[in-house]
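S.K.: These protein sequence lines are chains A and B, in that order. The first sequence lines up with residues 0 to 210 when you count with numbering that gives the first Met the number 0. The second sequence lines up with residues 0 to 128 when you count with numbering that gives the first Met the number 0.
For the record, the hints were derived by calculation from the structure and aren't laboratory data. A portion of the hints provided could be inaccurate.
Straight-line C-alpha distance at most 30 Å; calculated DSSO-like pairs for lysine-lysine [to be verified]:
{"hint": "1", "chain 1": "B", "residue 1": "Lys23", "chain 2": "A", "residue 2": "Lys127"}
{"hint": "2", "chain 1": "A", "residue 1": "Lys179", "chain 2": "B", "residue 2": "Lys23"}
{"hint": "3", "chain 1": "A", "residue 1": "Lys179", "chain 2": "A", "residue 2": "Lys127"}
{"hint": "4", "chain 1": "A", "residue 1": "Lys97", "chain 2": "B", "residue 2": "Lys24"}
{"hint": "5", "chain 1": "B", "residue 1": "Lys24", "chain 2": "A", "residue 2": "Lys179"}
Spelled out from the first residue to the last, the chains are:
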Amino acid sequence: MATTTHDQAPADPTFFLVEQDDHDHGTGGGTLLGFWIYLMSDALIFAALFATFGVLSTSYAGGPTPREIFELPLVALNTAILLVSSITYGFGMLAMEKGHVRGTQAWLLVTALLGAAFVGVELYEFGKLIAEGATPQRSGFLSAFFTLVGTHGLHVTVGIVWILVMLVQVGQRGLIVENKRRLTCLSMFWHFLDVVWIGVFSFVYLLGMLR
Amino acid sequence: MKWNDGNLDPVLHAHGDAHGHGSKKSYLLGFALSSVLTAIPFWLVMAQPIASPGVTAIAVIVFAVLQILVHTICFLHVNTQGEGGWTMIAYVFTAVILFITIAGSMWIMYHLNSNMMPGMMTGQMSEMP
Numbered sequence: 000m001a002t003t004t005h006d007q008a009p010a011d012p013t014f015f016l017v018e019q020d021d022h023d024h025g026t027g028g029g030t031l032l033g034f035w036i037y038l039m040s041d042a043l044i045f046a047a048l049f050a051t052f053g054v055l056s057t058s059y060a061g062g063p064t065p066r067e068i069f070e071l072p073l074v075a076l077n078t079a080i081l082l083v084s085s086i087t088y089g090f091g092m093l094a095m096e097k098g099h100v101r102g103t104q105a106w107l108l109v110t111a112l113l114g115a116a117f118v119g120v121e122l123y124e125f126g127k128l129i130a131e132g133a134t135p136q137r138s139g140f141l142s143a144f145f146t147l148v149g150t151h152g153l154h155v156t157v158g159i160v161w162i163l164v165m166l167v168q169v170g171q172r173g174l175i176v177e178n179k180r181r182l183t184c185l186s187m188f189w190h191f192l193d194v195v196w197i198g199v200f201s202f203v204y205l206l207g208m209l210r
Numbered sequence: 000m001k002w003n004d005g006n007l008d009p010v011l012h013a014h015g016d017a018h019g020h021g022s023k024k025s026y027l028l029g030f031a032l033s034s035v036l037t038a039i040p041f042w043l044v045m046a047q048p049i050a051s052p053g054v055t056a057i058a059v060i061v062f063a064v065l066q067i068l069v070h071t072i073c074f075l076h077v078n079t080q081g082e083g084g085w086t087m088i089a090y091v092f093t094a095v096i097l098f099i100t101i102a103g104s105m106w107i108m109y110h111l112n113s114n115m116m117p118g119m120m121t122g123q124m125s126e127m128p
């Protein structure tokens, strides 16, 4: 698509207008695309962790197997929490676009609480596994499991901190252009984490139970 | 996507950044589809309606890919117009690298494992004259 535009450029004077319009984001465009590229590079980190888990997923070293240690009802609860938090953030964005400060803050707070619940359930699960002796150093499978799921949980934790920061920012300065841009980046981050979680519950937990 | 264009601030939309500009309809549609696409694989694994684990595994993977696409369109609002198509290009590029990394690693290591198994080595040795 870009090539076509460049080829037509000398003959087509509107090319310059289109370019100018593209640069007229002022505050939004470049940052949003840059943040999107960051998210894609983050996806590659998760790709490496998923690949590691895939390779080591049957290296039990005589230790526990997924079927013995995973509790699917707990995973289903966490999946539901994260999915609902995705849509509550979406409602926050809709409130932001309408310029409702209170509504935006309320939905952000609900999202942060759901995120905290997710991390809480995950820490409970980790604690239970470690108490059962299924520690990260028990086998290659468990090392890869804790690294992959733990990295995702760490991302969610950072997302919660970011939401809290944005609550303060919106409270102090309102829905100014900069805050709208930040909230849009955070929105991409939060939805991206939900996408990664789809991979985690499908490939780690559900396929693990079938093995 | 048509549903992205409803209910928007026209000034913001004129800037052409497509991120985060979903309508309530697109979020609700994404949520409904995701709920169904999550519930089915969990049910498939927990209730085991399909006897073969292999077929269930393929179904789980298909539902995961579908749900990732739903999230990408309804929640992340990736489309061909956003940022002059660059979000879409970056997304597709990442998907390709992701697939190569994961599938390639598992493919190579599976063959390495099955060729280097101690049991297999002795098997080959005993067949030697």
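S.K.: Next step is simple, just say for each hint if it's right about the structure.
M.R.: Here is what the structure says about each hint:
no. : hint                   : verdict
1   : B:Lys23 with A:Lys127  : violated (39 Å)
2   : A:Lys179 with B:Lys23  : holds (18 Å)
3   : A:Lys179 with A:Lys127 : violated (40 Å)
4   : A:Lys97 with B:Lys24   : holds (15 Å)
5   : B:Lys24 with A:Lys179  : holds (21 Å)
In summary, the structure is inconsistent with hints 1 and 3 from the numbered list given earlier, while agreeing with the others.
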